[in-house]
Every structure is written in structure tokens, then in C-alpha cells.
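Participant: Based on the sequences and whatever the hints tell you, model everything.
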Amino acid sequence: MTGYIPTQGCELLGAYRIAMALKDCVVMIHGPTGCHFGPNFLEVLTNNHSSNGTVSVMRDRSVIYGGIENLEKAIAITRKHYKDKKIIVLSSYIPSIIGDDPEFIDVDLYVDCGGFQPMWQGMELFLEKLGDFIVRATDKKVDHSKTNLVNLVGFQLDVAGGEEDLEELKRVLALYNIRANVIPDTLESLKYANYASLNVVFGYGVKLAKRMERELGIPYVVVDYPYGVEGLKCFVEVISRHIDLKINHGVSDVIIDKLKKYRDNLPIFYEVPTCIVGDLPRISGLSRFLERELGMDVELALATSSAKENFDVSCTKLVNSYDEFYEELKGEPEIIVLFGTDEERRIRSDTIALAFPSFTRMSFVPYLGIGTLNLISDIYERIINKVWVK
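Under this note's numbering, the first residue of the sequence shown is numbered 1, with each subsequent residue one higher.
There may be inaccurate statements among the hints.
Unchecked claim - Pair ranges (Cβ atoms, derived): (1) Gly295 with Tyr82: 21 to 31 angstroms; (2) Arg292 with Thr33: 40 to 50 angstroms; (3) Gly99 with Arg292: 22 to 32 angstroms; (4) Ser240 with Asn320: 32 to 42 angstroms; (5) Glu167 with Lys330: 33 to 43 angstroms; (6) Arg79 with Ile268: 53 to 63 angstroms; (7) Ile268 with Arg171: 41 to 51 angstroms; (8) Ser349 with Lys83: 38 to 48 angstroms.
Treat the hints as calculated values from the structure; they're not laboratory data.
Every value quoted in this text rests on a predicted model; they were computed, and no experiment measured them.
Note that beta-carbon positions come from the ideal geometry of N, C-alpha and C, so glycine has one too.
Facilitator: Pasting the structure below:
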């Protein structure tokens, strides 16, 4: 049987993905080299600048005598070479099993990721831990209703076009005079998080948002990824319920005006069978855009990661395991466009890779906001090549 790239990862991988987004930190996995290689391999291929991952390199003897000594040596070496960086340690399964006690370890953040939980729970776990830094930095009462700052929580940057999508959302918010603080970005930037009027959670970071609401009085909303014109409008409207802003749908007019040039081409999208793969918040927003705005038929969807909150996926059938997805896909020979990860490119080389992992695709443009035009263009190309080019 053909092996699969682990799109449905473990708790450690989920925590690692979020931790690596902290630009002022070195992320050390406390465990054997095997626990480090996979996550770091995916991370570096996604962003060649992202080389801030390392490992404590536990040996066989550490299983008997404990791995703390190894960890302390690795931390000392790391501090020597990364003088201006903070150190985060993610403990893998073996240290948890043998009972390593990290109480006196000199690091900025230690997270035990030794549980057998899915990837999304690792993302939730790490984001929740960041709450300690946020609450600790709160030294006075803030009138959250009078600030125009929002925290964008849990937005995934380690996918193709992720950074460009984030910058586009920040650009759109700036048009409404709203500033955006990103969690995670740096540990240093967390001290500004308590000044926000609202936490906007992109599927992951719900526990953190609930804690900030409870202890700091900052409300939160959970959103999916706002693909398309209507998705962007809904995104702004949700924020407007908590922040006083004047809704201006003219922000989306440039997209509509550009599409008028190809208005006679748009019926080619109607009822085109498609399939989507990705984390639940992403495929929720994407499926809505494909079906409601482009008129396509999402026949099959696979959620590679679940989420704490419920999300609606507009599709004929939603599956949660790759084996089931693969069997269903074999029974859908008429699928024209496939959205997904690097794994799906092994099935269809023309897959639009936009979910984790997606290192087989380079992207320097967004798919959100004005990037809707880029997404529509890529879909159009697949349809033409599949239907007309023989």
C-alpha cells in the first residue's frame, strides 16, 4: 500500500506548527531525532528562512537514566548560537513516558506534547499556553471598547500563500481603520494583545480566546477563512458587531469590476464537480465560496484537522479519514478540480495545493481578498485544461 504524507498529524506537530511562527524564538523538540526531522522537514521546505528548529537528541541511555541532562546541554548550545532568541521546548512522547521533570529547566516556555491527541489539539494547546505571557503583561485596565485593534488568532502561515493571505486581510482591515495584531507572531508582541477590542479566531485558539475573555474582558469570534467576495463581506460584518465601523462593500467592488471583463466565461464554472481537502476552518470557507459564488459542485471534502468549534462544509459528502477519502475519490472519476495538500498532488498533479502541507507549490500572491481573482484564475485554468485540452 502506498504510504501517505501525514496530513493528519499528531499533537506535537500541531504545537510545532504554531510555535515556529514565533519569529523571536528557537523551537526545540525534546526527544530523539526522529521526532524532530519530520516537522522541521516540512517547515523548512515551506519557508527556507525558517531554520529555528532544533532537537535535544535523546539517546538510548536517556530512556533509562532520563533525558534532562541531554536537554540542558542542548539548551546551553542553543543559547550560545542564538543569543537574541527565546527558547521554547516541546516535549515529545518519550520524555513524557519516562517522566522527565522539566521544573528547573531554564527556558522561556516548556510544553508537554506527549499526549496521543490529533494535530488540532496541539495547536489549541500551544496557543492556550501563550495566554500566560498575555495575562502576565497586563498591568492596567484597558477600555477595550475604545480601541481599534483586533487580535488575529491562529491564522496558518505555514501553507503556500499563507503570509500573503494574512497581509491581504490586514490591508482590508486597515481600510476600516482597524489595526491587527497577529497571534502568534513574536513573544514580544504578545504584550500588546490585551489592548485589543476583539479576538478573531481562525478555527484554532478558542481556549486562548475564552481565557482572555474571562480574565481580560476581551470578546471573541470564531471565523473560517473568508474566501471570495461574500466571504470577505461576512468577515467584516462579524467584526462590525463588536467594533464600531461603517460597512463599505465598495472594498470588494474592484474584484467584481475585474470579473466583468470575463463575465461571459463565468458559466464555465457552473456545476463543475470538485473536491477539497484541508483543515476544517479552511474547507468551510472554501466550500462556501465554490458553491455559492462560483456555482461549482463540491462532491467530496476531507477534513485533515478538526476544530473545537463546529464549522459547516458545503459539500455532498464530508469524510474524516484519508482511507475513506481515497476510496470515495476513486468512485468519483468526473472530479474536474481538486484542492488540497501535497498528498493529493500524488493523485492529481494539477491539484491546487492551499492547505498544510503545501511545499510543492510556490506562491507569492494571496487567495483571500483581492487574491480571489488569483484563485478564480487558477480554477479556470484547471477547468480549461481538463475539459478542452486533450
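Participant: State, for the Cβ atoms of serine 240 and asparagine 320, whether the hinted interval 32 to 42 angstroms holds or is violated.
Facilitator: holds, 34 angstroms
Participant: For arginine 79 and isoleucine 268, compare the CB-CB distance with the range 53 to 63 angstroms and indicate the outcome.
Facilitator: Once the Cβ atoms are compared, 58 angstroms apart, the range 53 to 63 angstroms for isoleucine 268 and arginine 79 holds.
Participant: Just tell me: holds or violated, for the beta carbon distance of arginine 292 and threonine 33 against 40 to 50 angstroms?
Facilitator: holds, 47 angstroms
Participant: Please check whether glutamate 167 and lysine 330 have a Cβ separation lying inside 33 to 43 angstroms.
Facilitator: holds, 39 angstroms
Participant: Confirm or reject the claim that serine 349 and lysine 83 have a C-beta distance inside 38 to 48 angstroms.
Facilitator: Roughly 45 angstroms apart at Cβ, these two residues keep to the hinted range, so it holds.
Participant: Is the gap between the beta carbons of glycine 99 and arginine 292 within 22 to 32 angstroms?
Facilitator: Violated: the Cβ-Cβ distance is about 52 angstroms, outside 22 to 32 angstroms.
Participant: I want to verify a distance hint. Is the separation of the beta carbons of glycine 295 and tyrosine 82 within 21 to 31 angstroms?
Facilitator: Distance hint for glycine 295, tyrosine 82 is violated at roughly 51 angstroms.
Participant: Is the hinted range of 41 to 51 angstroms satisfied by the C-beta distance from isoleucine 268 to arginine 171?
Facilitator: With Cβ atoms ~30 angstroms apart, the hint is violated.
In terms of the numbered hints stated before, the structure departs from hints 1, 3 and 7, listed from lowest to highest.
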